[in-house]
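Trainee: Guided by the hints, dock chain B onto chain L, whose structure is given.
2 protein chains.
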Amino acid sequence: MKQHILISDPTLRDGNHAVAHQLSAKQVAVYCQAADKAGVPIVEVGHGNGLGASSLQVGESLESDEVLLTTARKHLGNSKLGIHVIPGFATIQRDLRMAIDWGVDVIRVASHCTEADITQRHIGYSREKGKETYGVLMMTHMASPELLVEEAQKMELYGAEGIIIMDSAGAYLPADVTERIAALVDGLAIPVGFHGHNNLGMGIANSIAAIEAGATMLDGTARGFGAGAGNAQLEVLIAVLDKMGYSHGVDLYKILDAADIAEKEIMPLVPVIKSESVVSGLAGVFSGFSKHVNRISKEYNVDQRDVYFELGRRKVVAGQEDLIIEVVLDIVKRRS
Amino acid sequence: MKQHILISDPTLRDGNHAVAHQLSAKQVAVYCQAADKAGVPIVEVGHGNGLGASSLQVGESLESDEVLLTTARKHLGNSKLGIHVIPGFATIQRDLRMAIDWGVDVIRVASHCTEADITQRHIGYSREKGKETYGVLMMTHMASPELLVEEAQKMELYGAEGIIIMDSAGAYLPADVTERIAALVDGLAIPVGFHGHNNLGMGIANSIAAIEAGATMLDGTARGFGAGAGNAQLEVLIAVLDKMGYSHGVDLYKILDAADIAEKEIMPLVPVIKSESVVSGLAGVFSGFSKHVNRISKEYNVDQRDVYFELGRRKVVAGQEDLIIEVVLDIVKRRS
Numbered sequence: 001m002k003q004h005i006l007i008s009d010p011t012l013r014d015g016n017h018a019v020a021h022q023l024s025a026k027q028v029a030v031y032c033q034a035a036d037k038a039g040v041p042i043v044e045v046g047h048g049n050g051l052g053a054s055s056l057q058v059g060e061s062l063e064s065d066e067v068l069l070t071t072a073r074k075h076l077g078n079s080k081l082g083i084h085v086i087p088g089f090a091t092i093q094r095d096l097r098m099a100i101d102w103g104v105d106v107i108r109v110a111s112h113c114t115e116a117d118i119t120q121r122h123i124g125y126s127r128e129k130g131k132e133t134y135g136v137l138m139m140t141h142m143a144s145p146e147l148l149v150e151e152a153q154k155m156e157l158y159g160a161e162g163i164i165i166m167d168s169a170g171a172y173l174p175a176d177v178t179e180r181i182a183a184l185v186d187g188l189a190i191p192v193g194f195h196g197h198n199n200l201g202m203g204i205a206n207s208i209a210a211i212e213a214g215a216t217m218l219d220g221t222a223r224g225f226g227a228g229a230g231n232a233q234l235e236v237l238i239a240v241l242d243k244m245g246y247s248h249g250v251d252l253y254k255i256l257d258a259a260d261i262a263e264k265e266i267m268p269l270v271p272v273i274k275s276e277s278v279v280s281g282l283a284g285v286f287s288g289f290s291k292h293v294n295r296i297s298k299e300y301n302v303d304q305r306d307v308y309f310e311l312g313r314r315k316v317v318a319g320q321e322d323l324i325i326e327v328v329l330d331i332v333k334r335r336s
Numbered sequence: 001m002k003q004h005i006l007i008s009d010p011t012l013r014d015g016n017h018a019v020a021h022q023l024s025a026k027q028v029a030v031y032c033q034a035a036d037k038a039g040v041p042i043v044e045v046g047h048g049n050g051l052g053a054s055s056l057q058v059g060e061s062l063e064s065d066e067v068l069l070t071t072a073r074k075h076l077g078n079s080k081l082g083i084h085v086i087p088g089f090a091t092i093q094r095d096l097r098m099a100i101d102w103g104v105d106v107i108r109v110a111s112h113c114t115e116a117d118i119t120q121r122h123i124g125y126s127r128e129k130g131k132e133t134y135g136v137l138m139m140t141h142m143a144s145p146e147l148l149v150e151e152a153q154k155m156e157l158y159g160a161e162g163i164i165i166m167d168s169a170g171a172y173l174p175a176d177v178t179e180r181i182a183a184l185v186d187g188l189a190i191p192v193g194f195h196g197h198n199n200l201g202m203g204i205a206n207s208i209a210a211i212e213a214g215a216t217m218l219d220g221t222a223r224g225f226g227a228g229a230g231n232a233q234l235e236v237l238i239a240v241l242d243k244m245g246y247s248h249g250v251d252l253y254k255i256l257d258a259a260d261i262a263e264k265e266i267m268p269l270v271p272v273i274k275s276e277s278v279v280s281g282l283a284g285v286f287s288g289f290s291k292h293v294n295r296i297s298k299e300y301n302v303d304q305r306d307v308y309f310e311l312g313r314r315k316v317v318a319g320q321e322d323l324i325i326e327v328v329l330d331i332v333k334r335r336s
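For the protein sequence lines, the chains are L and B, in the order given.
First residue of the first sequence? That's 1 in UniProt numbering, and the numbers climb one at a time after it.
First residue of the second sequence? That's 1 in UniProt numbering, and the numbers climb one at a time after it.
Rather than coming from a laboratory, the hints here were simulated on the basis of the structure.
As the structure is a computational prediction, the values presented were derived from the model and not from experiment.
Mixed in with the good hints, there may be bad ones.
One copy or any two copies: either way a pair holds, since identical chains are not told apart in the list.
As the list claims (entries may be wrong) - Using 25 Å as the maximum straight-line C-alpha spacing, the simulated BS3-like pairs for lysine-lysine come out as follows:
id, residue 1, residue 2
1, 264, 274
2, 2, 291
3, 298, 254
4, 315, 291
If we strip away everything but chain L, and leave its shape as in the complex, we get (with noise of 0.2 Å):
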């Protein structure tokens, strides 16, 4: 048997992304039960963006935190319940202190790949208060090894017990990966965990090459439920993870039927990897941006694909939306 693996499933987190944040109560009733009955450790719930990141900026939870996570925690039994943190979308007053009333177990701190900054105070507070704390860095395509390891040691500085890269982008192929993990399990002292999204169709693979590397941490979501082409596929990483002799505490039988369950009852369609979907993860785009691409390449006449490659050139993260009319217009500027 070789290491250990810590799964923790976002499925009614990542998954919120796909419909728009509006997940009903019922909904994270019926998933915990499957997820903790198939002996997850780790179950994270909240809107797609985290705690407290409902607004009409980045869209309204159907349901409001409190709902989302007292639910959750009445029916998870053995499994853990996780939240996703922003600073920023959550405060530590308002939204961390109540989540932590509300009996959240694993608090996971997150911010853009160079801005770690950001999560010191989140993460020293969820110490302080006896939570099981991990420090998440989001787009990491978009920073070198090297920079991801200076970022990852300022977490680790903070209290961070774990850290986790996020491929928000789906842009990695399993070197990317394997580089990288490399690097942060060389150059940290606690454990390092990867979440993968499925735009080039290298969820299970990227994510095999992360433990392969030295991680022990790995996130996936039932069929992959989560924006666009979706996240790593847990039923097929757990399958695949038994296949290969690592140990991880999940059933693969019960975490099928939780799989088949969630996509009877959560998803109203399961993710595949579209046209879109394969154009953004090349050109290491945040899959938020697909509405507002969308929109305004139709109403300018421009190839969506164009705009997406330009936006990637550009390095655009979260929040520089407004970008995308200054790429469409050059656009037409330069055809005409």
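Mentor: Same frame as chain L, now just chain B:
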């Protein structure tokens, strides 16, 4: 630029499995036009089990081989027209001779991984007629690398100009592919190719492992169209090959367009990795067993997953569907 990869696209052949061989002439025409425009080198067309396979036993085609192939011929300009030929289904005098008359360019003669002997006469005939001729070994996870090399060498001796190994059950992880392709590249003087399925989410990763181990031919289908979890997804594969710097002659934007057209015009459903596909891949059982496993498992109220794993242990191959009932009755007996 790294080595050139020869792409073959069996969307209109392996995809026929996904619709019980009901692809229409109109659908063949539409997809051939799109694939031809994208510069796909070889477009493979036919019944899921290849030339001459339409029958009550494995399913009757909506269209005859003549209609499928002459329609494709009419709509392919630069792309070559390929066929999958399993001796036993396809006779030389009736089927192969006519297919050549209908204008087929590329003939791939296939057998179970341990039965290359049956391909000798078909390969010989195809070469005699001056056609581009390949040997194909199916269900190759059931043979050791050494045995695969021996079987492939037979095909080489018969005159095959290249050997493609298929992961028909979607059972491989990348390391399995690397080992087998490296052995074949080492043991043959002709090019080696790989045809992947996605049961364990490794369709793309296994294809990349194959070319990194020295393969120079890859198969993929639009949106992964194929039975169960489907094939390596062609447009994703092209994107990844582009990202890695391999040349292949396929236009990225136009193959994305072709995949969009295929999804709209020929697929009732885009393949996703359902729980059953995970299990059949893990068990190493061909997806053709699915219908029967489902029916008989339900009839006797046994868990179909137990049936798959037991079939896998017994190393069943296509044609041994009568073993399902034996396995199910054994499970029932053990239970009582």
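Trainee: Taking the hints in turn, state whether each one holds.
Mentor: Hints, one by one, checked against the model:
1. 264 <-> 274: both (21 Å within a copy, 12 Å between copies)
2. 2 <-> 291: Neither: 43 Å inside a chain and 36 Å across chains, both beyond 25 Å.
3. 298 <-> 254: Between copies only: 18 Å across chains, 44 Å inside a chain, cut-off 25 Å.
4. 315 <-> 291: Answer is within; shortest intra-copy Cα gap is 18 Å, inter-copy 48 Å.
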